[in-house]
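Those protein sequences? They're chains E and C, same order as listed. Per numbering that gives the first Met the number 0, the very first residue in the first sequence carries number 0; after that it's consecutive. Per numbering that gives the first Met the number 0, the very first residue in the second sequence carries number 0; after that it's consecutive.
Some hints here could point you the wrong way.
Result set (SDA-like, lysine to any residue): computed pairs, CA atoms no more than 20 Å apart in a straight line [what the hints assert, rightly or not]: (1) E:K105 / C:A36; (2) E:K237 / E:A253; (3) E:K105 / C:P158; (4) E:K237 / E:M208; (5) E:K105 / C:L126; (6) E:K144 / E:K105; (7) E:K144 / E:G177; (8) E:K105 / C:L50; (9) E:K144 / E:N169; (10) E:K199 / C:M138; (11) E:K105 / C:G167; (12) E:K144 / E:F317; (13) E:K105 / C:F146; (14) E:K199 / C:I307; (15) E:K199 / C:T54; (16) E:K105 / C:L140; (17) E:K105 / C:N49; (18) E:K105 / C:Q166; (19) E:K199 / C:G156; (20) E:K199 / C:D151; (21) E:K199 / C:G253; (22) E:K262 / E:L187; (23) E:K105 / C:Y168; (24) E:K199 / C:F146; (25) E:K144 / E:D315; (26) E:K199 / C:S139; (27) E:K199 / C:A117; (28) E:K105 / C:V172; (29) E:K199 / C:L140; (30) E:K262 / E:D325; (31) E:K144 / E:S210; (32) E:K105 / C:G150; (33) E:K199 / E:Y211; (34) E:K105 / C:S51; (35) E:K105 / C:G156; (36) E:K105 / C:S139; (37) E:K105 / C:R155; (38) E:K199 / E:N181; (39) E:K105 / C:G253; (40) E:K328 / E:E251.
Simulated from the structure, these hints should not be mistaken for laboratory data. The model shown is predicted, which means the values in this text are computed figures rather than measured ones.
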Amino acid sequence: MKRRTITSLAAGLGLAAGLMSSTAMAQDNMRIALVVKALGIGFFEAAAEGAEEAAAELGNVEIIYTGPTDTTAEGQIEVVNSLIAQGVDAIAISANDPDALVPALKRAMDRGITVISWDSGVAEGGRQMHLNPSSTELIGNTIIKLAADHMPDGGDVAILSATATATNQNAWIEAAEGFLPNYEGVNLVATVYGDDLSDKSYREAQGLMASYPDLKAIIAPTTVGILASCQAVTDAGKIGEINVTGLGLPSEMAGCVDSGATKSFAIWNPIDLGYSATMLAHAIANGAEAASGAEIPMGRMGSVTLDDTNSAAMSDPFTYDSSNIDQFKSIF
Amino acid sequence: MSTASHFVPDRLQTPLERRLKSWESLLMLVAIGIFIANSFASPYFLNAWNLSDATFNFTEKAMIAFAMALLIISGEIDLSVAAIIALASTAMGAAVQVGVGTPGLVLIGLSVGLLCGAFNGILVTGLGLPSIVVTIGTMSLFRGISFIILGDQAYRGYPSDFAFFGQGYVWWVISFEFVLFAIIAAIYAVILHMTNFGRAVYAIGNNATGALFSGIRVARVKFIVFLMTGLMSGVAAVCLTSRLGSTRPSIAFGWELEIVTMVVLGGVSILGGSGSIPGVVIAAFVMGLVTFGLGLLNVPGIVMSIVIGALLISVIALPRLWAMWRPR
């Protein structure tokens with residue numbers, strides 16, 4: 000048994016080696032840069048973990064996990080410039096601004112670097128493809144549904160978002176507003192912006208509670224905002240009155256689910272996202288064509304088919320509640 | 000006490016000695032040290048194109064830093080510069096939507112900069128308000144207007160020849176921005192170090208009342224320096240907008256502190272009265288080289304900020320410590 004495993008492993012390695020030489024890959028590692036909005040955000044750290052997983056599976060791949068200090072386009076341009084200077088093979092970026100990054104990323108492509116965007120996209124001219132974690136429609140619907148599920152009689156809800164310029168949050172909110180008529184009695188009273196800063200989000204949540212005494216739910220489609228809102232609701236002693244929901248990280252949200260401030264929330268798996276982005280960047284850098292209609296494999300996540308804007312959706316968002324939070328909170 | 004061998008100097012320092020012991024020389028040493036360290040640390044550093052790319056990290060900020068140096072030397076400060084960039088960029092973006100061409104856009108960018116500078120200048124010199132308070136206010140005001148106009152939207156569609164200012168090259172790897180940076184540096188060096196106006200700026204910074212009684216029109220000089228700072232913010236707005244090819248209200252967010260850091264690192268006393276343009280030029284290179292060098296090593300930006308902070312404190316503290324403990 001053991002012996003057989005070793006032989007099959009050896010055969011696998013031999014096959015892999017054969018593939019390597021047949022695609023004429025250089026001896027050095029392929030360097031794939033995973034550029035995030037800002038370092039020190041749990042979500043992106045988890046994505047980096049997924050990227051490392053993909054790298055280990057692919058072999059001969061080095062992941063450069065990097066990003067600016069604050070979520071600015073200017074900071075990301077400096078990061079991209081330094082990656083161009085290092086001559087990396089591929090850049091997979093979650094952009095702080097869909098337009099401002101385009102000239103810098105175009106220059107990267109001009110110098111032969113594969114560029115894809117994931118999570119927060121870049122305008123079409125600035126990347127070869129974009130990987131959405133899920134579809135905007137599904138997320139928009141999910142965040143409203145999360146709130147509506149726990150308010151059978153309807154009532155007031157408010158949205159606490161990231162920055163007013165955050166690409167993906169705005170798209171989700173727009174989609175959510177479109178689905179609103181499907182949920183009878185659910186009334187969206189305000190959308191406020193916490194800028195993805197804990198203290199500002201906390202104050203905005205306090206402001207919502209003060210301005211709308213009948214508020215039944217705060218929907219925060221951002222990991223910083225949902226945690227700050229949960230804290231604000233807890234501190235105001237309104238657990239049970241106001242349900243905090245939206246998109247959050249299981250590790251950060253475990254306490255809120257335990258206390259009951261949050262009944263359920265959703266998120267896709269950032270580990271899967273980093274993994275898929277790396278797999279796609281690797282495939283395209285190795286010659287896979289990124290054109291509309293093309294199907295590109297991404298390892299254990301299956302494959303994606305690019306639409307007419309060269310975008311693709313990875314998978315559906317996943318709902319976490321008291322039944323499964325303990326299982327996921329140690330993962331990310 | 001022996002009195003036999005006391006050397007009595009006829010002057011405090013020879014010009015050469017003064018130059019060698021100056022802030023600029025110290026900073027130059029730091030810059031050379033960083034350059035050498037970078038060339039050893041990363042194989043990608045010594046490459047003409049990469050070094051050219053690196054200059055974009057500081058050219059726009061440095062343009063404002065020169066005017067800011069004059070302002071700080073005269074005893075004032077302008078924290079609204081980054082917000083002026085946002086407002087000027089928004090105005091240019093709005094103009095694009097109604098079909099204004101490149102020359103018009105540049106004119107609008109510079110004019111908005113000038114107007115904002117004049118607004119700050121009037122509040123400070125006309126009403127006698129402290130500049131730090133006024134410009135903290137206008138910082139929110141100018142950027143606030145951009146946010147009201149744009150919200151979460153962006154202005155795009157800049158004409159293709161407009162891209163030259165931020166993405167064009169004059170010759171080989173020498174970018175337009177870098178040439179502009181050099182020209183502006185030279186102009187400000189002349190203004191500050193070779194004109195009556197420059198002497199007046201120093202005089203006001205050292206003793207505004209004394210300067211007033213010496214016949215210097217203090218308010219007018221300060222107003223002009225505010226205008227210059229606004230104009231430079233307009234110039235930086237043109238370059239940055241052209242480089243990004245789009246405008247969002249968050250453009251250049253947080254630059255004011257980086258610009259003040261550059262000025263102070265360049266040896267300008269935050270209390271006013273002293274400093275030089277060559278110092279600011281070297282400081283711009285130091286900051287650009289540090290961030291680019293660390294970027295090549297993929298050092299996280301948080302660590303970069305710590306390094307810049309440590310650099311600022313140590314470069315400022317070292318001469319003080321030296322003066323305190325040197326053998327007398």
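Okay, the hints, checked on the actual structure:
no. : hint            : verdict
1   : E:K105 / C:A36  : 30 Å, violated
2   : E:K237 / E:A253 : 18 Å, holds
3   : E:K105 / C:P158 : 17 Å, holds
4   : E:K237 / E:M208 : 9 Å, holds
5   : E:K105 / C:L126 : 49 Å, violated
6   : E:K144 / E:K105 : 39 Å, violated
7   : E:K144 / E:G177 : 12 Å, holds
8   : E:K105 / C:L50  : 19 Å, holds
9   : E:K144 / E:N169 : 17 Å, holds
10  : E:K199 / C:M138 : 18 Å, holds
11  : E:K105 / C:G167 : 14 Å, holds
12  : E:K144 / E:F317 : 12 Å, holds
13  : E:K105 / C:F146 : 28 Å, violated
14  : E:K199 / C:I307 : 26 Å, violated
15  : E:K199 / C:T54  : 34 Å, violated
16  : E:K105 / C:L140 : 34 Å, violated
17  : E:K105 / C:N49  : 16 Å, holds
18  : E:K105 / C:Q166 : 12 Å, holds
19  : E:K199 / C:G156 : 33 Å, violated
20  : E:K199 / C:D151 : 18 Å, holds
21  : E:K199 / C:G253 : 17 Å, holds
22  : E:K262 / E:L187 : 19 Å, holds
23  : E:K105 / C:Y168 : 16 Å, holds
24  : E:K199 / C:F146 : 17 Å, holds
25  : E:K144 / E:D315 : 14 Å, holds
26  : E:K199 / C:S139 : 16 Å, holds
27  : E:K199 / C:A117 : 32 Å, violated
28  : E:K105 / C:V172 : 18 Å, holds
29  : E:K199 / C:L140 : 19 Å, holds
30  : E:K262 / E:D325 : 14 Å, holds
31  : E:K144 / E:S210 : 23 Å, violated
32  : E:K105 / C:G150 : 27 Å, violated
33  : E:K199 / E:Y211 : 18 Å, holds
34  : E:K105 / C:S51  : 17 Å, holds
35  : E:K105 / C:G156 : 16 Å, holds
36  : E:K105 / C:S139 : 33 Å, violated
37  : E:K105 / C:R155 : 16 Å, holds
38  : E:K199 / E:N181 : 32 Å, violated
39  : E:K105 / C:G253 : 26 Å, violated
40  : E:K328 / E:E251 : 8 Å, holds
The structure does not agree with the numbered hints 1, 5, 6, 13, 14, 15, 16, 19, 27, 31, 32, 36, 38, 39 stated previously, though it agrees with the rest.
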